[in-house]
Amino acid sequence: MNSKIINFLIVLLGGLLLVALVHLGVLYVVGFSTPPLFLILGYGLNVIMALVIYVILKRFADRKSKNLGMLFLIGSTLKFAVYFIVFQPLFSEDGSVTRQEFFSFFIPYFACLLLETYAVAKLLKEMD
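Per this note's numbering, residue 89 is the first one in the sequence shown, and the count goes up by one each step.
Computed cross-link-like contacts, BS3-like style, restricted to lysine-lysine with a CA-CA straight-line distance of at most 25 Å:
#1 Lys92 to Lys146
#2 Lys154 to Lys167
#3 Lys167 to Lys146
#4 Lys210 to Lys146
#5 Lys152 to Lys213
#6 Lys213 to Lys154
#7 Lys152 to Lys92
#8 Lys167 to Lys92
#9 Lys92 to Lys154
#10 Lys213 to Lys146
#11 Lys213 to Lys92
#12 Lys210 to Lys167
#13 Lys92 to Lys210
#14 Lys152 to Lys210
#15 Lys154 to Lys210
Since the hints were made in silico from the structure, they are not lab data.
Quick caveat: nothing in here was measured; it's all calculated off a predicted structure.
Between the sequences and the hints, there should be enough to build the whole structure, so can you do that?
Here you go:
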């Protein structure tokens, strides 16, 4: 495996660990309880999707493809679609989607998006 992919994975896991600790801390202080399954799915699927998207983008960057920006947007759109395909039906089983359920997906989504954006910017800079 490429060292850049391993470095991205380390940064991704480290960043999301910090985000998850803050997320859990806020939930604890406020007194909300989000089912652990929702948090595990939210963070787990976002990590997997971010890593897959980065690996694909890295491969295209190695080929000097000029379509990295478009591929990044497609990847982000697919991650967003996963919310409606996987999470929305799961959250709506009781008839409504609570803030805790909503944020159990979108907090890790935005954290991954920030880390991916930074990593893709580095890939683009290296292509020049």
